[in-house]
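This is what each chain is made of:
There are 2 protein chains.
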Amino acid sequence: MSSVSLSAVHEAAKRRLLDAGQMYTSGRRELVELLFSLGRPVTAHEVLEARPKLTQSSVYRNLAVLEEMRVVQRVAGGDDRTRVELAEDIIGHHHHLVCVVCGMVEDLVISAKAERAIDTVFDQAVEGTGFIATGHRLDILGTCKRCA
Amino acid sequence: MSSVSLSAVHEAAKRRLLDAGQMYTSGRRELVELLFSLGRPVTAHEVLEARPKLTQSSVYRNLAVLEEMRVVQRVAGGDDRTRVELAEDIIGHHHHLVCVVCGMVEDLVISAKAERAIDTVFDQAVEGTGFIATGHRLDILGTCKRCA
DNA sequence: CTCAGTGCAAAGGATTTGCATGCCG
DNA sequence: CGGCATGCAAATCCTTTGCACTGAG
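For the record, the sequence lines run as chains A and B. Here our numbering is used: the first residue of the first sequence is 1206, the next is one more, and so on. Here our numbering is used: the first residue of the second sequence is 1206, the next is one more, and so on.
Hints should not be assumed to be uniformly reliable.
Since the list can't tell identical chains apart, any single copy or any two copies may satisfy a pair.
SDA-like, lysine to any residue: derived pairs with alpha carbons at most 25 Å apart [said to hold, decoys possible]:
no.: 1; residue 1: Lys1350; residue 2: Thr1334
no.: 2; residue 1: Lys1350; residue 2: Gln1329
no.: 3; residue 1: Lys1318; residue 2: Gly1340
no.: 4; residue 1: Lys1258; residue 2: Ala1330
no.: 5; residue 1: Lys1318; residue 2: Arg1286
no.: 6; residue 1: Lys1318; residue 2: Arg1342
no.: 7; residue 1: Lys1350; residue 2: Ile1337
no.: 8; residue 1: Lys1258; residue 2: Glu1273
no.: 9; residue 1: Lys1350; residue 2: Glu1235
no.: 10; residue 1: Lys1258; residue 2: Asp1328
no.: 11; residue 1: Lys1258; residue 2: Thr1348
no.: 12; residue 1: Lys1350; residue 2: Gly1308
Because the hints were derived from the structure by calculation, they are not lab data.
My request is simple: use the sequences and hints to build the entire structure.
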């Protein structure tokens, strides 16, 4: 699953940006690298703490660009802050363990079989609602080790 | 499913507040009534639009109290605003259709069988992670009728 | 050279808080 | 009466934006 390499991620990110006429600057590269190394959804605040050199507005702006280019995606956490992580089609489809105490979010990969079961359930559920489903969000809520 | 009556909801809400030494005031009652009548997660902003008489700070404060008393629960939408709806143990377990265009969230009830399938999948997934699961959040993302 | 990207500071929007007053128990 | 709840306004927090400057192609 997370057998994806950093260089592969950079390649994917770079291609998506260049194809859209955007630059793959050092600031953006650094964001991708950080997201890759942390391997979980992070808030803008966490990014700024981890990379003090980066500027607040640039982080927000670059995350927005990366999101538009489908390099990263937003994730709802246990609190109100917006979190982002590398897009699923880059690091692979997965779900989240959300700590309702501290808001932390961790990735969770489930078996292909389980995934298929869920897909089936959802497909049936949406039928006839007039809603056009494009994806899903499955989070398991609870308490993480640290907060237990 | 939504066979729950308004009075039953008021009763449940009132009991939870009184048991905790809180008052079930008209402002709180009105919030519960509005949430019940709308039947979907709403933002504080929507509440204020629907009930202009209510004060902004009181709405936020009362929603916080109701959340603490487990009368309402927060729901992540397609945008950044916090939404709340009546707690699942009052109106019943369900999931959400989230519009990624306008952020709107609608309730979705799936079959017991489907629900069981999902529970099984999740139980297995969390095993051995050290995470203490207390619930889950399943949202189907897509485009609603209005935004299609 | 030219335009997108960056930094800094100020603006914006949602939510929270302080404080004086009102109302329920 | 006494304390929680309410209103209003000011304060905060997160995020976005304006503008001048820098850097890459």
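Hint by hint, here is what the structure shows:
For the homomeric pair Lys1350 and Thr1334, the shortest alpha-carbon distance between copies (9 Å) is at most 25 Å, but the shortest distance inside one copy (39 Å) is not. Taking the shortest Cα distances, Lys1350 and Gln1329 sit within 25 Å of each other only across copies (18 Å), while inside one copy they are farther apart (35 Å). For a Cα distance limit of 25 Å, the shortest separation of Lys1318 from Gly1340 qualifies both inside one copy, at 17 Å, and across copies, at 21 Å. In this homomeric assembly, Lys1258 and Ala1330 never come within 25 Å of each other (Cα to Cα): the closest approach is 47 Å inside a single copy and 38 Å across copies.
Taking the shortest Cα distances, Lys1318 and Arg1286 never come within 25 Å of each other, neither inside one copy (32 Å) nor across copies (34 Å). Within a single copy, Lys1318 and Arg1342 get their C-alpha atoms as close as 17 Å, and across copies as close as 20 Å, so both meet the 25 Å cut-off. Within a single copy, Lys1350 and Ile1337 get their C-alpha atoms only as close as 37 Å, which misses the 25 Å cut-off; across copies the closest is 8 Å, which meets it. Proximity of Lys1258 to Glu1273 under the C-alpha cut-off of 25 Å is restricted to the intra-copy arrangement: shortest distance 24 Å within a copy versus 39 Å between copies.
Taking the shortest Cα distances, Lys1350 and Glu1235 never come within 25 Å of each other, neither inside one copy (29 Å) nor across copies (39 Å). Within a single copy, Lys1258 and Asp1328 get their C-alpha atoms no closer than 45 Å, and across copies no closer than 42 Å, so neither meets the 25 Å cut-off. Taking the closest pair of Cα atoms, Lys1258 and Thr1348 never come within 25 Å of each other, the shortest separation being 33 Å inside a single copy and 38 Å across copies. Proximity of Lys1350 and Gly1308 under a CA criterion of 25 Å is satisfied intra-copy only: 12 Å inside one chain copy versus 32 Å between copies.
In terms of the numbered hints stated before, the structure departs from hints 4, 5, 9, 10 and 11, listed from lowest to highest.
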